[in-house]
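A.B. asks: Okay, here's what each chain looks like letter by letter:
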Amino acid sequence: MLRRLSFAQIYLLFGILLVAAVVASACVGAFTYTPHRIATLVGEALGWITAPPGDTLDRNVFLQLRLPRVVLAGVVGAVLGVSGTLMQGLFRNPIVEPGLVGTSSGAALGASFVFVFGSTAFTRPLGTLGVPLFAFAGAFAATMLVYRLSTSFGKVNVLTLLLAGIAVNAVCAAGTGFLSYIARDPQARNITFWNLGTFTTAEWRGVTLVSACFIACFLWSLRYGKALNALMLGEDEAAYLGIDPRRLVWQLLVVNTIMVAVATAMVGVIAFIGLVVPHLLRILRSSDYTFLLPGSAILGALLMELIDVVARVVIPPAELPIGIITALIGAPIFLSILLRQRGMHGTGVPGLDG
Amino acid sequence: MVEALEISYRAGGTRILDGVTARFRGNAFNVILGPNGAGKSTLLKIASGLLHPTSGEVRYDGRAIGNYDPEALAKMRGVLSQHVELAFPLPVEDVVLMGRYPHYGRAPSAHDRAIVAETLALVGMHEKRAQPYPTLSGGEQQKVQLARVLSQIWNDAEPRGPVCLFLDEPTSSLDIHYQLALLEIVRAFRERRCTIIAILHDLNVASRYGDAFFLLERGRLALETDSADAIPLDLIERVFQVRAERVPGTGTAAATWQFRL
Chain A
1 MLRRLSFAQI
11 YLLFGILLVA
21 AVVASACVGA
31 FTYTPHRIAT
41 LVGEALGWIT
51 APPGDTLDRN
61 VFLQLRLPRV
71 VLAGVVGAVL
81 GVSGTLMQGL
91 FRNPIVEPGL
101 VGTSSGAALG
111 ASFVFVFGST
121 AFTRPLGTLG
131 VPLFAFAGAF
141 AATMLVYRLS
151 TSFGKVNVLT
161 LLLAGIAVNA
171 VCAAGTGFLS
181 YIARDPQARN
191 ITFWNLGTFT
201 TAEWRGVTLV
211 SACFIACFLW
221 SLRYGKALNA
231 LMLGEDEAAY
241 LGIDPRRLVW
251 QLLVVNTIMV
261 AVATAMVGVI
271 AFIGLVVPHL
281 LRILRSSDYT
291 FLLPGSAILG
301 ALLMELIDVV
311 ARVVIPPAEL
321 PIGIITALIG
331 APIFLSILLR
341 QRGMHGTGVP
351 GLDG
Chain B
1 MVEALEISYR
11 AGGTRILDGV
21 TARFRGNAFN
31 VILGPNGAGK
41 STLLKIASGL
51 LHPTSGEVRY
61 DGRAIGNYDP
71 EALAKMRGVL
81 SQHVELAFPL
91 PVEDVVLMGR
101 YPHYGRAPSA
111 HDRAIVAETL
121 ALVGMHEKRA
131 QPYPTLSGGE
141 QQKVQLARVL
151 SQIWNDAEPR
161 GPVCLFLDEP
171 TSSLDIHYQL
181 ALLEIVRAFR
191 ERRCTIIAIL
201 HDLNVASRYG
211 DAFFLLERGR
221 LALETDSADA
231 IPLDLIERVF
241 QVRAERVPGT
251 GTAAATWQFR
261 L
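From first to last, the protein sequence lines are chains A and B.
According to this note's numbering, the residues represented by the first sequence are 1 to 354, in order.
According to this note's numbering, the residues represented by the second sequence are 1 to 261, in order.
Quick caveat, the hints were computed from the structure, so don't treat them as lab data.
Backbone N, C-alpha and C fix where the C-beta goes; we use that ideal spot for every residue, glycine too.
Please note that the accuracy of each hint is not assured.
Unchecked claim - Think about it this way: if two alpha-carbon atoms lie no more than 16 Å apart in a straight line, the pair counts; the simulated EDC-like pairs of lysine to aspartate or glutamate are:
(1) Lys45/B - Glu169/B
(2) Lys75/B - Glu85/B
(3) Lys75/B - Asp244/A
(4) Lys75/B - Asp156/B
(5) Lys45/B - Asp18/B
(6) Lys75/B - Asp112/B
(7) Lys45/B - Glu3/B
(8) Lys45/B - Asp236/A
(9) Lys45/B - Asp244/A
To be verified - Stretch by stretch, here's where chain A covers chain B in the computed footprint (C-beta under 8 Å, at least three residues):
(10) 79-88
(11) 97-107
Please construct the entire structure, taking both the sequences and the accompanying hints into account.
C.D. replies: Pasting the structure below:
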């Protein structure tokens with residue numbers, strides 16, 4: 001039914017749902033707020049309404065805990081959605097997402113390195129940028145490695161891609177595991193918790209950093225819609241259309257890695273969002289990247305808000321790690337795409353058919 | 001319009017092309033012939049600008065190919081490969097529209113859409129324009145790719161600029177009907193200032209459609225001729241390692257070759 005809508009109408013539809021999800025997400029939790037109360041608190045914070053004296057607890061909880069968390073969830077969802085779209089375009093395959101190709105686990109390894117050795121002379125000069133910078137380095141190295149391993153003669157081999165992803169992810173996980181083993185207790189618990197993804201640590205400075213990176217990378221990535229479409233035909237065909245595939249690959253890897261690394265440094269590893277979001281958009285409307293890029297930002301944010309609500313209400317007062325929920329939703333979808341690919345070709349091994 | 005001058009190409013210590021000079025006939029159907037491993041595909045990739053030769057130069061319209069920026073080059077030469085697969089279910093129309101990418105910025109104009117419709121009609125795929133590309137048969141997919149490449153080099157502005165169409169064994173996976181249909185469509189483009197340069201395997205098909213023939217043997221140009229009848233039998237026997245016979249045509253049928261080991 002969505003197939004009849006124009007791209008703009010779909011953005012609008014998901015946009016309205018996103019606003020509703022943001023409001024819902026702001027309402028629920030240990031403190032419950034009514035939409036009216038939220039409007040008042042936001043109005044006061046912006047100086048539109050004069051704040052009454054006293055009664056500061058619920059206001060502080062909302063402005064310093066709830067609101068940054070809601071914003072962070074939305075932005076991270078958008079980051080992962082767009083990243084999944086970019087990576088699927090780059091690898092020319094719908095099973096790809098930042099968790100599979102090593103971006104997330106590489107970022108996690110880089111970030112945990114700073115968590116554990118953060119107080120040593122090596123990383124201290126970088127200050128608060130240490131975590132995102134090391135996350136970027138790890139994420140970029142891991143993704144580049146998987147891309148190189150799985151690509152030969154301008155074609156991506158699915159089987160090699162899966163195996164390379166498994167191997168690189170395993171090495172990164174081993175590194176992260178080793179770091180948490182040698183770490184002292186509070187750091188170790190941080191790493192473990194953060195490996196499953198969490199928004200509980202949201203604070204405004206981090207939210208600002210992730211948002212700034214996302215907006216810059218997202219606007220930049222919008223230029224690549226046509227090039228990603230052309231890349232579907234293969235690297236040679238894209239080159240015949242006037243696109244330099246090598247430059248495109250590098251630029252996409254950098255843009256993608258910046259936003260995923262910064263987001264991962266903040267909230268940890270959240271798998272499968274990058275897989276599910278473009279997949280839904282392809283089913284609902286189109287595989288055209290000029291549509292998928294904006295669409296995956298909105299749908300990613302929407303999905304993440306909903307998942308964050310579930311994470312908070314399912315076992316109160318405790319919270320479920322985000323990664324557990326996304327894996328529960330994402331893994332079956334991953335398998336179904338993989339099986340369908342196998343059905344489309346004949347040999348039973350997807351990679352052998354390209 | 002396309003000249004390959006003194007082209008040599010080495011890869012991994014192996015000499016693949018050795019001083020090949022080929023001046024392709026403008027607005028004509030040029031055929032590159034040769035056995036497997038003779039360097040045909042490499043020559044085509046160099047002439048189309050995908051690969052850079054180790055030495056030598058390719059010129060379009062007398063200008064070195066390196067002096068064109070990639071977009072300008074994309075507007076004047078298209079390449080139809082053997083087979084293009086798509087992992088995503090894009091509709092036929094969107095695939096053909098990719099041919100117009102070098103011509104527009106953010107959104108296609110009505111003119112771009114009209115060209116897409118026209119090339120789809122030309123290859124007989126207009127009825128299937130909304131169908132997902134991966135659901136088509138191999139022959140239909142190749143027709144769609146042809147429509148895409150023709151949209152790319154569509155020169156309907158007056159006066160027409162020269163364009164060039166490269167075909168890399170375009171018919172190798174097609175049945176005889178699709179083979180002939182595709183080559184007929186392509187050949188008609190000679191009238192539109194289009195120079196066609198094709199690698200063909202079937203010598204009889206080649207002699208029927210070709211206006212000029214370039215025979216490659218182990219990285220060197222063994223023969224250049226404008227007539228299929230002028231290709232000496234003993235040269236064919238040597239290059240392709242077969243016994244060949246030229247059967248004269250009877251009535252309306254053209255002369256054909258017959259081969260055995």
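A.B. asks: For each hint, tell me whether it holds in the structure or not.
C.D. replies: Verification of the supplied hints:
1. Lys45/B - Glu169/B: Holds, at about 12 Å.
2. Lys75/B - Glu85/B: Distance of about 23 Å is beyond 16 Å: violated.
3. Lys75/B - Asp244/A: It holds: about 15 Å lies between the C-alpha atoms, which stays within 16 Å.
4. Lys75/B - Asp156/B: 12 Å, holds
5. Lys45/B - Asp18/B: Holds. Lys45/B to Asp18/B sits at ~15 Å (cutoff 16 Å).
6. Lys75/B - Asp112/B: Satisfied, since the Cα-Cα distance of roughly 13 Å is no more than 16 Å.
7. Lys45/B - Glu3/B: 13 Å, holds
8. Lys45/B - Asp236/A: 10 Å, holds
9. Lys45/B - Asp244/A: 15 Å, holds
10. 79-88: holds (count 7)
11. 97-107: Coverage by chain A holds for the segment 97-107 of chain B (4 residues, Cβ < 8 Å).
Going down the numbered hints, you'll see the structure goes against just number 2.
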